[in-house]
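Visitor: With the sequences and hints as input, model every part of the structure.
Note that the protein sequences, when read in sequence, are chains A and B.
Under our numbering, the first residue of the first sequence is numbered 1, with each subsequent residue one higher.
Under our numbering, the first residue of the second sequence is numbered 1, with each subsequent residue one higher.
These are calculated hints, taken from the structure and not from any lab test.
Heads up, the beta-carbon is just placed ideally off N, CA and C, and yes, glycines get one too.
Misleading hints may appear alongside valid ones.
Said to hold, decoys possible - For each label pair, taking beta carbons as the anchor points, the in silico distance ranges come out as:
| id | chain 1 | residue 1 | chain 2 | residue 2 | range |
| --- | --- | --- | --- | --- | --- |
| 1 | B | Ala140 | A | Asn87 | 39 to 47 Å |
| 2 | B | Leu132 | A | His120 | 37 to 45 Å |
| 3 | B | Thr99 | A | Asp128 | 27 to 35 Å |
| 4 | A | Ser126 | B | Ala140 | 56 to 64 Å |
| 5 | A | His160 | B | Pro60 | 44 to 52 Å |
| 6 | B | Arg39 | A | Asn116 | 51 to 59 Å |
| 7 | A | Arg110 | B | Gln111 | 31 to 39 Å |
| 8 | B | Glu48 | A | His192 | 53 to 61 Å |
| 9 | A | Thr146 | B | Arg51 | 32 to 40 Å |
| 10 | B | Glu48 | A | Glu209 | 52 to 60 Å |
| 11 | B | Ala37 | A | Lys102 | 44 to 52 Å |
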Amino acid sequence: MPDNGNANGGRRGLVAILCEAWRAFWSPTARISLGALVIVGAAGGVMFWGAFNWAMELTNTETFCISCHEMAQNVYREYKGTIHDANKSGVRATCPDCHVPKEWTYKVVRKIEATNELYHHFVAPSIDTREKFEAKRLQLATNVWTAMKTTDSRECRNCHDFDSMDVSMQRSRARTRHLQASDEGKTCIDCHKGVAHRLPAGAFNAERELNETWGSGRGRTQ
Amino acid sequence: MTRWMLPFVAALLAAIATVALAQELKSLRGDLGVADADRAPAVSGVREAGRYDRAYRQQPPLVPHQVDKYEVDLKVNQCLRCHDWPNNVRENAPKVSETHYVDRQGKRLDQISSTRWFCTQCHVPQSDAKPLVDNAFRSALERR
Numbered sequence: 001m002p003d004n005g006n007a008n009g010g011r012r013g014l015v016a017i018l019c020e021a022w023r024a025f026w027s028p029t030a031r032i033s034l035g036a037l038v039i040v041g042a043a044g045g046v047m048f049w050g051a052f053n054w055a056m057e058l059t060n061t062e063t064f065c066i067s068c069h070e071m072a073q074n075v076y077r078e079y080k081g082t083i084h085d086a087n088k089s090g091v092r093a094t095c096p097d098c099h100v101p102k103e104w105t106y107k108v109v110r111k112i113e114a115t116n117e118l119y120h121h122f123v124a125p126s127i128d129t130r131e132k133f134e135a136k137r138l139q140l141a142t143n144v145w146t147a148m149k150t151t152d153s154r155e156c157r158n159c160h161d162f163d164s165m166d167v168s169m170q171r172s173r174a175r176t177r178h179l180q181a182s183d184e185g186k187t188c189i190d191c192h193k194g195v196a197h198r199l200p201a202g203a204f205n206a207e208r209e210l211n212e213t214w215g216s217g218r219g220r221t222q
Numbered sequence: 001m002t003r004w005m006l007p008f009v010a011a012l013l014a015a016i017a018t019v020a021l022a023q024e025l026k027s028l029r030g031d032l033g034v035a036d037a038d039r040a041p042a043v044s045g046v047r048e049a050g051r052y053d054r055a056y057r058q059q060p061p062l063v064p065h066q067v068d069k070y071e072v073d074l075k076v077n078q079c080l081r082c083h084d085w086p087n088n089v090r091e092n093a094p095k096v097s098e099t100h101y102v103d104r105q106g107k108r109l110d111q112i113s114s115t116r117w118f119c120t121q122c123h124v125p126q127s128d129a130k131p132l133v134d135n136a137f138r139s140a141l142e143r144r
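Guide: Structure representation (structure tokens):
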């Protein structure tokens with residue numbers, strides 16, 4: 001069959017080109033000095049590294065987050081006016097402060113995970129209307145709660161640290177519960193849900209389920 | 001008094017009355033013109049307490065903590081996170097009265113009746129605001 005022959009020939013040609021490129025890439029150069037290679041390589045490396053981190057920081061801003069209508073019209077609207085957005089001291093915690101880890105390794109892992117979000121935005125829009133978002137809210141919220149439980153509320157604790165918390169300045173109710181939580185090794189998200197966004201329907205059953213299956217499922221004792 | 005004087009007398013009386021009223025009448029917002037902007041009173045913080053006593057038998061228990069950040073809407077009632085059974089056991093919070101689990105037809109329910117959904121219609125937190133008008137309210141216990 002002529003069709004098959006052509007396709008095979010094309011594939012063989014491509015493989016040959018790739019092999020050639022691979023060999024050329026690894027064979028020593030005869031014209032460029034080692035110094036030039038090192039200098040260009042180092043400068044290129046620095047530039048790549050800078051550009052990489054610059055681009056990553058660019059995607060780590062509130063402006064970037066709300067450039068998608070899914071974020072701007074749902075979660076961002078709900079966040080406006082909450083204590084993390086407006087408060088007496090004017091210190092704000094914006095989207096990435098809570099949802100992207102500060103430490104580099106964890107940050108890169110989270111950025112790679114975010115490709116899933118790109119897929120759900122560009123390829124298979126799953127929350128592009130308010131109705132679809134509401135239908136998925138419990139699942140999405142549970143994902144975030146689970147993630148925060150897994151990391152012991154790492155992003156909360158970037159600012160809210162039990163050790164730096166002066167419980168004597170808190171009201172009696174908060175003081176009792178925070179001391180208790182600290183003793184029991186609880187984490188912020190165990191109680192503080194719906195702090196910056198509206199809660200999904202059925203939130204408290206989901207919370208109960210999550211907290212009660214936690215120790216057994218993950219071998220974590222509390 | 002001749003007839004032609006009547007309108008002038010009436011106008012004079014009206015002017016005197018207006019001036020007198022303007023001096024005597026003072027609304028709760030103070031001596032301010034209708035169009036003038038009032039200065040908002042200071043917001044008094046919510047008082048925290050262990051538990052408030054009732055002032056009369058049928059009184060819905062008062063809320064001894066802040067509730068302004070709690071979400072109570074079509075989907076979620078954040079009060080129930082602590083006060084609905086069985087959550088109240090874990091949170092060591094007062095349980096919602098069983099009367100709130102009965103629908104209009106008297107049928108018992110396993111979740112709070114929708115007629116009782118909006119807690120703050122009856123249950124309210126207390127602040128340290130001073131009453132604007134004197135009143136003679138005394139609690140049922142004081143009147144016994």
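Visitor: Taking the hints in turn, state whether each one holds.
Guide: The hints, checked one at a time:
1. Ala140(B) <-> Asn87(A): 39 to 47 Å: Cβ of Ala140(B) to Cβ of Asn87(A): about 41 Å, so the range 39 to 47 Å holds.
2. Leu132(B) <-> His120(A): 37 to 45 Å: violated (54 Å)
3. Thr99(B) <-> Asp128(A): 27 to 35 Å: violated (44 Å)
4. Ser126(A) <-> Ala140(B): 56 to 64 Å: holds (57 Å)
5. His160(A) <-> Pro60(B): 44 to 52 Å: violated (34 Å)
6. Arg39(B) <-> Asn116(A): 51 to 59 Å: holds (53 Å)
7. Arg110(A) <-> Gln111(B): 31 to 39 Å: With Cβ atoms ~37 Å apart, the hint holds.
8. Glu48(B) <-> His192(A): 53 to 61 Å: violated (19 Å)
9. Thr146(A) <-> Arg51(B): 32 to 40 Å: For Thr146(A) and Arg51(B) the Cβ distance comes to about 35 Å; the hint holds.
10. Glu48(B) <-> Glu209(A): 52 to 60 Å: Distance hint for Glu48(B), Glu209(A) is violated at roughly 31 Å.
11. Ala37(B) <-> Lys102(A): 44 to 52 Å: Since the Cβ atoms of Ala37(B) and Lys102(A) sit about 45 Å apart, the hinted range of 44 to 52 Å holds.
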